[in-house]
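Starting from the structure of chain A, add chains B and C with the ligands where the hints point.
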Amino acid sequence: MQWETVIGLEIHAQLATRSKIFSASSTTFGSAPNSQANAVDLGMPGVLPVLNREAVAMAVKFALATGAEIGRRSVFARKNYFYPDLPKGYQISQFELPIVGAGEVRIELEEGEEKVIGLTRAHLEEDAGKSVHDAFPGKTGVDLNRAGTPLLEIVSEPDMRSAREAVAYARKIHSLVRYIDICDGNMQEGSFRCDANVSIRPVGQAEYGTRAEIKNINSFRFLERAINFEVERQIDVLESGAEVIQETRLYDADRDETRSMRSKEEANDYRYFPDPDLLPVEIEDSLIESLRATMPELPEQRRQRFITDYELSAYDAGVLTADRATADFFEQGIEQSGAPARLACSWLTGEVFSRLNRDSLELSDAPLKADGFANLLARMHDNTISGKIAKQVLDHMWADGSSADEVIDREGLRQISDSSAIEKMIDDVIAANPSQLAEYRGGKDKLLGYFVGQVMKASKGKANPGQLNELLRDKLQG
Amino acid sequence: MHKQTISSIRRALAAREYSSAELCQHFLDRIDSANPELNAFITVTRESALAAASQADEQLAKGASSPLLGVPLAHKDIFCTRGVLTSCGSRMLENFVPPYDATVVSRMQSAGAVILGKTNMDEFAMGSSNENSFFGAVTNPWGEGRVPGGSSGGSAAAVGARLVPGCTGTDTGGSIRQPAAFCGITGIKPTYGRVSRYGMVAFASSLDQGGPMAATAEDCATLLACMAGHDPRDSTSIDEPVPDYSASLGDSINGLKIGLPKQYFAAGLDDTIAAALQAAISELEKLGASFVEVELPNQHLAVPAYYIVAPAECSSNLSRFDGVRYGHRCDDPADLEDLYKRSRSEGFGHEVKRRILLGTYALSTGYYDAYYLKAQKIRNLISRDFTTAFETVDMILGPTTPTPAFELGANSSDPVAMYLNDIYTIPANLAGLPALSAPCGFSGELPIGLQLVGNYFTENKLLNVAHQYQQVTDWHSQLPARFA
Amino acid sequence: MTVDSKLVGEIAHLARLDLDETSVANYAREMAGVLALARQMEDVDTDAVEPMAHPLHAVQPLRADEVTEIDQRDEFQAIAPAVDDGLYLVPQVIE
Ligand SMILES: [Mg+2]
Ligand SMILES: [Zn+2]
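Chains as they are written, first to last, in our numbering: chain A, 1 to 478; chain B, 1001 to 1484; chain C, 2001 to 2095.
So here's chain A without its partners, still in its complex pose (with noise of 0.2 Å):
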């Protein structure tokens, strides 16, 4: 049997406000728990939720983002439930009437094909606290800080077919929310999390198939990974003639597989009602036109704009502008520095990506910063350094976070471009290689890369490689 698999997303998006969705409490990570708990976020008794404006708008700027219907007039409603993270026995949630409506967005595939994902919806929600398990023998933690933070849950439609259509999605998404501002997108730290509902069925069939949904995946490579798991799990299922069971899962990245989380399986019905202590939020064109007019460049329009204007490939241009920090590195490099702007895509995307991937890090956290890479392709494009030197300059530079100019001078790695300077050292070495100069004399041409090769080590790699080809090639010829 041939299967096929069946994937939609929800993403939750922490968004980057300062305070919580519903109270002035700070939203800050990592702080001691419990400190950024105040009486709303604790749910004692009597206080009240007040929205966040913040958390409003850069839900419409999604919307806007993502071509998708704006709620005009949204509505808060209660999911309830018991658990010890949440504080009211209730989570604030949008059920019928979401602030962001249907939209789209489209993924790259590898082979350069493009395809359309439905948007089915994006709705504001807090989130809940943070259970600790292992620090007390017996005993569970609970941690309230993270509890009230605003969360934009997008919901896909089931419209990917693959784990890597899934991860492509998921990485647009996580461009995008972060392209807009609205999301930090830091995974480690659980500001972006995915859901996967899986499902698979005989290729050609209609109706879907029962799908498990795995939850809180917080790297992509786990999300592709989980889905492939599941899907594999779910073929040998219904191959050895048993059924899917609709349930949720939870992955487990030590052992690579998912698994029943059986203790939240009992029957839960959320009794979702509009919440009585908050009103509906009603969307003005105002707001709209506002927000509408702070949206940055979109990440398409902007690979549009670098294919155009940097003469880019489109693959190049993609790579780019796949986040927006990547983006603004690349062109701040460029204008700073002057250099063209292949230059600044080959160094950024070969020799700085390399160094990122070695030491496992973040554009953000690298200890290269823009206007450091721009210092560097500033003196490869005067010819201050050569590109080799340059290998080395930015070695020193993302050892000690120097400049390049600083890394250049305190190493003596400047150029020579003396053509006396040249000709000094092409004289000796010439001197010191008659037999090698006789051959090429005598129609061995290949030896002129020996010869490259003597001078350039003699001044430890510093001639203007330019001059110093031209100058050897007329003193060998005699």
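A few of these clues could be false.
If you only want the chain C side, here are some residues facing chain B, beta carbon under 10 Å, derived [what the hints assert, rightly or not]:
no.	residue
1	2008
2	2043
3	2053
4	2054
5	2058
6	2076
7	2088
8	2091
Quick look at which bits of chain A chain B covers, simulated, 3 or more residues with Cβ under 8 Å [what the hints assert, rightly or not]:
no.	stretch
9	38 to 44
10	49 to 56
11	79 to 88
12	277 to 289
Since the hints were made in silico from the structure, they are not lab data.
Think of the CB as a built atom: it goes at the ideal place given N, C-alpha and C, for glycine as much as any other residue.
Chains B and C with the ligands only, in chain A's frame:
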């Protein structure tokens, strides 16, 4: 001193006829002697009250004049009071001392009020008889063995027996007006959103509204002016200026058109109450008001709709009482489920559990549309009935309760019979309209209340009419003989 | 729709209430009475009627995104049933 109204107390304090400390001491002594019998107070804050009274006296000596400076009052135990037990009449909060004040509490404090204590109430404001308090039933000062009404029964009994000249209450389904009627005092439930709900333990959020209870409409006007106003911490609080309720009390009511809903004077209304209302209507006619019959055709659906909406909201509002962060926790929970179930079952009383069950049921899959959604639609119909009526009349007059105060235990085995007590008061809650109850006579020994329901934000008119009525009648100044 | 003990038991579990058999039976009877009262609403055609969630036709006010709360953990935890190291404690939860 205790026979004085808040208005006369304010004048006397300003004229230094007596000090706030003397006055508070007097009321505290009355509480000491009467409370064992009435059980109107859960907490008496003697020391902090006397300290606040002395401070008020210093202020008064300097000629300061905030509206409630030095006036002794009490809060229903549903309002959170920083550093003072706020039990909400429940075992669940038997040990709950909040580190914050309700907005109403801080407003009254900045107006200079001296708080003598916290009054008894039906557990989580659920009840019409005050029999549902973990701290025991409250006795009606007018008749031993009679209920004071509920849920603000402690407040009503305390003011009725003049253990305090004024008190806060809350009204979700008649809980200010019904006990006011049963205890012979005046109380007003303001327009929904007029008084902040912040720090008022929630029962049914879309219905709950705090308001004052005192001997006279004039005193209610003074208290309401201090309680009302926009609160940025309550999203449902309305950002409208608070009128000077006292300024319009003396206005003539000549030409006022008052509606008498046919449905309020139908079968089920006690004869003595009907007669007392007729007498009140005559008094108001003498003052120049005219009366016309109006229709409130969906009135009979108010109690059915209310007993779905209120429990639904309460089932969710009371989920926060889970034994994790505050309040009652059972001993040695075996696991999480045991912690939740035993803490909640031990912490909540019978009526509260019944409403949680009803509300959970009404919101659950398969029943939501038939009960909750249906009730919210009926609510709209009831609201429209009032809108239509207010096209032709300025306000509506009717009884507050179908009967005078009933006997303790009379309705406790039949919730439906108990719920039908609120038949006249609940429509105003569903519609969010202001409504007032004022004493208008007696049925034997027991006081009777008349109810005025106004259009949105017409508290001033209701208080004006009640005040004018109280200028020509003396029902409001009568005291039970034992507490005279 | 009859309200039987089984239904009350399920509802009680959803509401995290622990009820003994006698009270389950009592609640079943009492709830049946109230629900019968509620079913008076069935007689009214409400197809064209909007549900009324709030008495006033107001819209949600929006708060400026400012942090104005200070850390009051000690005050809040002073009234908590069980805390250690700043965390609220509950019996072990197995995920
Ligand atoms: Mg979800
Ligand atoms: Zn969610």
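Right, here's what the structure says about each hint:
no. : hint       : in the structure
1   : 2008       : holds, 7 Å
2   : 2043       : holds, 9 Å
3   : 2053       : holds, 6 Å
4   : 2054       : holds, 6 Å
5   : 2058       : holds, 7 Å
6   : 2076       : holds, 6 Å
7   : 2088       : holds, 6 Å
8   : 2091       : holds, 5 Å
9   : 38 to 44   : holds (count 4)
10  : 49 to 56   : holds (count 3)
11  : 79 to 88   : holds (count 5)
12  : 277 to 289 : holds (count 3)
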